Amino acid sequence: MQYSAVFSAALLVTSASLLSAQPATVDEGRFVITRSGQRIGTEDFTIRRLGGPDRNSFMAKASVVYDDVHLSPALRADQDGSPLAYQIEVKAGAELRERLSGQLGRGRFSARVRTPRGESAKEYIVSDGALVLDDEIFHQYYFLARAELGTVPVVIPRRNTQVAMRVEMQGKESLSIGGIGVEARHLVIMEPGGARRHVWTDEQGRVLKVTLEESGITAIRDELPR
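Just so you know, the numbering used here puts the end of the sequence shown at 217, numbered straight through with nothing missing.
In short, the hints are calculated from the structure, not lab data.
It should be emphasised that the depicted structure is a prediction, and the values quoted were computed from it without experimental measurement.
Check each hint, because a few of them may be wrong.
[To be verified] Capping the alpha-carbon separation at 25 Å, the derived lysine-lysine pairs in PhoX-like fashion look like this:
{"id": "1", "residue 1": "Lys52", "residue 2": "Lys113"}
{"id": "2", "residue 1": "Lys113", "residue 2": "Lys82"}
{"id": "3", "residue 1": "Lys82", "residue 2": "Lys52"}
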């Protein structure tokens, strides 16, 4: 009987260890992307918290489609959302337009970029606490929405640059997602040039909607997060 109790306890510990080693899905879903009310694309994404020795980091991947253009970003980030590694492939049909693979280390973002014109290396200084927010991709706003309000350094990999964006709380508002009403937190993000972006999240920080004022582009979930 004592052996059985010890065995059961060991089994529970082993099971808990195995569970903690498994990636946990933080958010997944689809954004429908429109410009001035006209549908122009979709983004299917998954954000997971990694298990095992990497359990304090995230992996965020997506498949983004605009007509015949397909973007495949993959971001590995630390517990604060700062990038550890990033890659993205952009294709038009079967043709490769761009492939970028980069890593952050010693305050620098180092990347290799391949295009039809050839391959090149890029490197630039990145501030502590910087986040990745690549153009034409929306699930990455999850990490910006988790950041503290105020000025946030943002890396835009395909522009090979870092900018300072200011995040402010606008308040709470009601949204309709997939025909269902939900209360959302509204954040306003101001770019250095003054253009504004709007992000709405649920109580768990999952992004429901993003609007880019300057371009007239909106990305909204096709259904509520589960």
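Here's how the hints hold up against the structure:
1. Proposed proximity of Lys52 and Lys113 is supported: the alpha carbons are some 22 Å apart, at most 25 Å.
2. Annotation: proposed proximity of Lys113 to Lys82 holds, straight-line Cα distance about 20 Å (limit 25 Å).
3. At roughly 16 Å between alpha-carbon atoms, Lys82 and Lys52 fall within 25 Å of each other, so this suggested pair holds.
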